[in-house]
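Peer 1: Throw the hints in and build the complete structure from the sequences for me.
Which chain is which? The protein sequence lines are A and B, in order. Take 1 as the starting number for the first sequence in my numbering and just add one per residue. Take 1 as the starting number for the second sequence in my numbering and just add one per residue.
Derived from the structure by calculation, the hints contain no laboratory data. Hints are supplied without guarantee of correctness; some may be wrong.
Cβ-Cβ distance ranges computed for the label pairs, FRET-style [as the list claims (entries may be wrong)]:
no., chain 1, residue 1, chain 2, residue 2, range
1, B, A47, A, P239, 18 to 28 Å
2, B, V218, A, A257, 33 to 43 Å
3, A, E420, B, E450, 26 to 36 Å
4, B, P71, A, G168, 38 to 48 Å
5, B, I410, A, P81, 51 to 61 Å
6, A, Q237, B, P75, 39 to 49 Å
7, B, I424, A, G479, 47 to 57 Å
8, B, D320, A, A257, 50 to 60 Å
Taking lysine-lysine pairs in the BS3-like style, the calculated list, with each CA pair at most 27 Å apart, reads [said to hold, decoys possible]:
no., chain 1, residue 1, chain 2, residue 2
9, A, K264, A, K236
10, A, K236, B, K238
11, A, K236, B, K591
12, A, K236, B, K232
13, B, K180, A, K236
14, A, K353, A, K502
15, A, K236, B, K587
16, A, K502, A, K403
17, B, K339, B, K591
18, A, K403, A, K361
19, B, K232, B, K591
20, B, K591, B, K238
21, A, K502, A, K77
22, B, K339, B, K238
23, A, K361, A, K502
Built from N, CA and C at the ideal position, the CB exists for glycine as well.
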Amino acid sequence: MKFSRKSRRVFLQGAGASLLAMPVLESLMPKGVHAAPAPKSFVGIGAWNGLFRLYGPGSQLMPATTVQNGSIPGLTKVNVPGCHPIHHGALSGLAAANGGRISDIIDEEFTPYLSKMMMLQGFDYIGLGWYHHSGQFGNWHASADGSEGNPDMATLDNVVADWFGSQGYPNDVVTYSASWLDGDWGCSFQADGTRTTAQFSDPGALWDKYFADAQIPTDFKTLLVDRVLEDYRALKQNPRLGAEDRVRVDNHIEHLAATEAKIKQIGAICDQLRPDSDIGDRALLLRTMNDVIVGLISCGMAHSFMGWAQALVSEDPNQWHVWSHAAYDGTTDSIADASAYESLVEHSRSVMKDMCLDLAKKLDAVEQLDNCVIACIQEHGKRGHESWNVPVITFGSAGGALKTDQYVDYRNVAERDDLEYTRFGFPMNQLYANLLMSMDMPPSAFEPLNKPRADGASSPFKPGSGYGVNAIHPDAAAGYSLGGHYESWSGYDMSAWLPQVKA
Amino acid sequence: MLRLTTLVPLGAALLTGCVGDIGGGDPGGKGPTTDPSGFSCDPDAAALTATPIRRLARDYYHHAVHEFLSPLDEPTRAALMEEIATRLDLIPRDVSEHYATSDQNVSQDHVDAVFGVAVGLAAEIADDAAPYGEQLMRVCGDGATKAALADDVCLTTFITFYGRKALRRPVTQAEVDDFKAFYAQAVATGVDGLGMLVGRFIAHPGFYYRFDSEGEVVEGNEGTDAVHALTKWELASKITFLFWAGPPTDALLDRIEASDITEDADLEVVLAEVLADPRAERGILRFYREWLELDDVAKTPGTEGNVVAGQAMLAAAGVDALPVSYREDTIQEVLDLTKHYTLTTEGDFGDILTSTYSFARTPELAAIYGVATWGGSAESLVSLPAGERSGLLTRAAFLSSGAEYTRPIIKGEVIRTRVLCEPISPPPPGLDIQPLTHPADKTTRQAVEEATGDAACQSCHVQMNPLGFLSESYDPTGRFRQSELRFADGSGEVVAELPIDTRATPVIGENDTTEIVDAVDLGQYIADSGAANVCLVASYFEFANGRPADPVTDGCDVLGLRDQLTREGGSIKRVLIESVMQQSFRKRLVK
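Peer 2: Spelled out as structure tokens, the structure:
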């Protein structure tokens, strides 16, 4: 039987075109694939530096708050046994009290979605000392010059993908950015420290990977992949292969078998409009990338994503870093270089709007947001390369697991001042654990993935709990008193739900 | 290729430069010899290193697909390559410290992508509305259509021809029969047989991997520790992937059929042909591009910091605007320089370090140098202004910072680590590295000296700073200057003009206290010392073999290559030839 394959050019659509996504058709599901419910989806978005007015009275990102006598007026104070009190309030209420917006960056455009958001202040990367880069999603080894002393660990996107794979769902990880210039791809790592290889800075290329073959008949693809698999398997009979050769052949066979499985999966029948490949405006590029991501989630083809953008409002990804150091003095809360500061804020605004909010809106439009969580995690607090008091903003409730429409302030506001001395909060390990649990991954599945530091540094928390290196970095413990902040948290279970997070 | 940021020492020893020629491996004579570079030649310690089967690097794979489609008319081939372009782009970029070919990771994304290329190509060829299948059928005669594959003679011809292209060796009778059976199966199940054949060839393990173990076992035991002599076909592939970054052409395969390049005499003749082919630029210039990290080093002037000042400096050189291609133009100039002394003439590394010719093909770069553009011919070379600029280290690709200030530390680091192969430790943890400030009354050199003057900083910066200071006679665009200009913030207004000082002690070799004048001197100084020769050949060894050279087991090979540079009549081309002639290239240890 011959077939006439339509050129993909038939489907070329201009940039920013609306997505036509076909829903999953249960009747076409191959055997072995879960019929219902559909898997949740995780999107991690890395925000960089953060050295601007992130929180506090003049906040341009988080709700503006003041601290008076160890409390935050306007928020509800909750005592947490074994820890310090936290504060929380409804985002919708906070926006209403602030002229209809949360802040300069989280403006009116976000307001309709506040009911599906969490804004969380005060997470500490306990395993990172002073002067780190990246590490937002759990690999605290690959930060600064790699000498933090932490072992490599898989980032959340890979942990989630592996978990989904173990449950019979597609286990692809998709990482994306605005430009190939973001060459370090510093957020997504596998457990052995190797970078995730699925990297896309072209929404057309991402589309091609998953949808280009939709026009090719399945029997055509199946016949070919089956025969190629046979060719590889036949190699194993070759007596001239050495042991190392066989490892490589086996590796290829394993992956090719997965390729074969994907060819037969339901996602192959999904039809999508192909986006433009040549988009110069990087904000538009990211929004177009979101279109494809929504398609992948809607068609059940991928459920774990990691995005970041450094070369977003400038050609040089390092400019972001230069602005950060030049623009703002966190100690005096003053702006040192207005131009650099403005650029930094604009970059951050683009990350929040073009990457996070835009994706949330589009997922919500196809009724997928509620089954997802988009987690936007800052690299630093507002005072230089500090590893603590970092804000996190989420969209989606992960299938109702997360309690949305709230701002939760995890800082210990009874101590320090966020100027000369940054306040400390709750361990990032616990947030990671909660995000994994929101994907229905139990602690018994992620806790075994934890690794200790080689120098024996520890923490007072329950051993093995949470996700991440369960040890307080020696610099942070000795020099910065982070260890002192957590001294009284003996046996604290970082695999438990954070206060106020669980629905 | 993505570059990792950690530094890895070359081999196990710090290379401190090499003076003099001690001679290469001499199995019959003098016994072990140790060179100041840290490499030693002990014939008894020389040994092959076991390496597993190797996959094709991303670019090599592209070229292999392109070559497979060589029977198509050029416009048709280009159209088909365009149809599968995004599938090819899905192949993950090679990530390695220095050389793309060193990345041998094969992830799910690699396998998905290369299968995607195969199935995409197969589908395009199966499409009756497209001309691709028809043109591929020309092997069965003009006007042959895919229907001709029903004829056993045509089918055999097709499989034999394309099988040899895909597997880079003649197909066996068993393979011919197997592919015929596959074709029959496809047709019987209603699937396009021509597309299936092509898809299977492109997805075949023999296409994606190089096995290099089909030849005679000359030592050891098969499957455990066998040393295989490469067959002439395997050797041809290894040579072309090294020098052409692609597979053998049909013409070369015909040549190999008629000769025995496992014999030195035939090998030398074929090598000369391979090196004379224009494709040789692809592989060899790739080496220089990766060795010197040109993609990381080269910057476009006037794009960072005070861009107005950058534009003003360009305007002073007579450049109104830079083309988008400018950065690539500066890289191309370095590649043309290295090509001239590697392939066009039989030069050595000293020639590259001291060349007084400009290879600037574009008016903008030529204006930076103050010369006319070069037309690309070796017969009409353009001389650089005497005394102002000469050699590799004074090229714009190495000098341009992108901003309104030069970057002596980075310039020095590149020379120390890449040209001299001397590693520098990363900054200690906990160090708060702030951007350099540039007061109006201080030159960049003075600012750097002040910022890195502490003893703790100097242990590393003494290796970098002087090498960078020597080229402070070039402004941030790479243009020669007599003084350093200071600009008002955000503007092109000059607020100060400061005298520059380029004198420095580069420390080439142990205990070197010689002060030299500038970057022109530096090129000559390094050339005279011979310090970079081992670096070049050891780097080339790593490029060619996909692993760093071991100072002991590879010492004879590396020093043997170095001798091809330093002996009477030596040249870089002789290094390239010798690298293939060495027995280690022509064998593979399988464990």
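Peer 1: Take the hints in turn and mark each one as holding or not.
Peer 2: Verification of the supplied hints:
Taken as a hint, the range 18 to 28 Å holds for the pair A47/B and P239/A, whose Cβ atoms sit roughly 24 Å apart. At roughly 36 Å, the beta carbons of V218/B and A257/A sit within the given window of 33 to 43 Å. Checked against the hint of 26 to 36 Å, the pair E420/A and E450/B passes, with Cβ atoms roughly 28 Å apart. Taken as a hint, the range 38 to 48 Å holds for the pair P71/B and G168/A, whose Cβ atoms sit roughly 45 Å apart.
In this structure the supplied range 51 to 61 Å holds for I410/B paired with P81/A, their Cβ-Cβ distance being about 53 Å. Distance hint for Q237/A and P75/B: a CB-CB separation of about 43 Å, consistent with the stated range 39 to 49 Å. Evaluation of the 47 to 57 Å hint for I424/B and G479/A yields a failure: the beta carbon distance comes to about 27 Å. One distance hint, 50 to 60 Å for the beta-carbon pair D320/B and A257/A, holds here, with the actual separation near 58 Å.
At roughly 25 Å between alpha-carbon atoms, K264/A and K236/A fall within 27 Å of each other, so this suggested pair holds. Under the criterion of a C-alpha separation no larger than 27 Å, the hint pairing K236/A with K238/B is consistent with the structure, at around 23 Å. For the hint pairing K236/A with K591/B, the CA-to-CA distance comes to about 15 Å; that is within 27 Å, so the pair holds. The straight-line distance between the Cα atoms of K236/A and K232/B is roughly 24 Å, inside the 27 Å bound, and the hint therefore holds.
At most 27 Å may separate the alpha-carbon atoms for a hinted pair to count; K180/B and K236/A meet this at roughly 22 Å. Only pairs whose Cα atoms come within 27 Å are accepted, and K353/A paired with K502/A is accepted, the gap being roughly 26 Å. Between the alpha carbons of K236/A and K587/B the distance comes to roughly 22 Å, so the proposed pair stays at or under 27 Å and holds. For the proposed pair K502/A and K403/A, the alpha carbon gap of about 5 Å is at most 27 Å, so the pair holds.
For the hint linking K339/B to K591/B, the alpha-carbon distance of about 38 Å lies beyond 27 Å, and the restraint is violated. Of the supplied pair hints, the one linking K403/A and K361/A holds, its CA atoms being roughly 19 Å apart against a limit of 27 Å. A threshold of 27 Å between alpha carbons decides the hint, and for K232/B with K591/B the separation of about 22 Å falls inside it, so the pair holds. Between K591/B and K238/B, the direct Cα distance comes to roughly 20 Å. Compliance with the 27 Å bound is thereby established for this hinted pair.
Only pairs whose Cα atoms come within 27 Å are accepted, and K502/A paired with K77/A is accepted, the gap being roughly 17 Å. Taking the CA atoms of K339/B and K238/B, the gap is about 21 Å. The hint holds against a cut of 27 Å. Between K361/A and K502/A the alpha-carbon distance is near 23 Å, which keeps this suggested pair within the 27 Å criterion.
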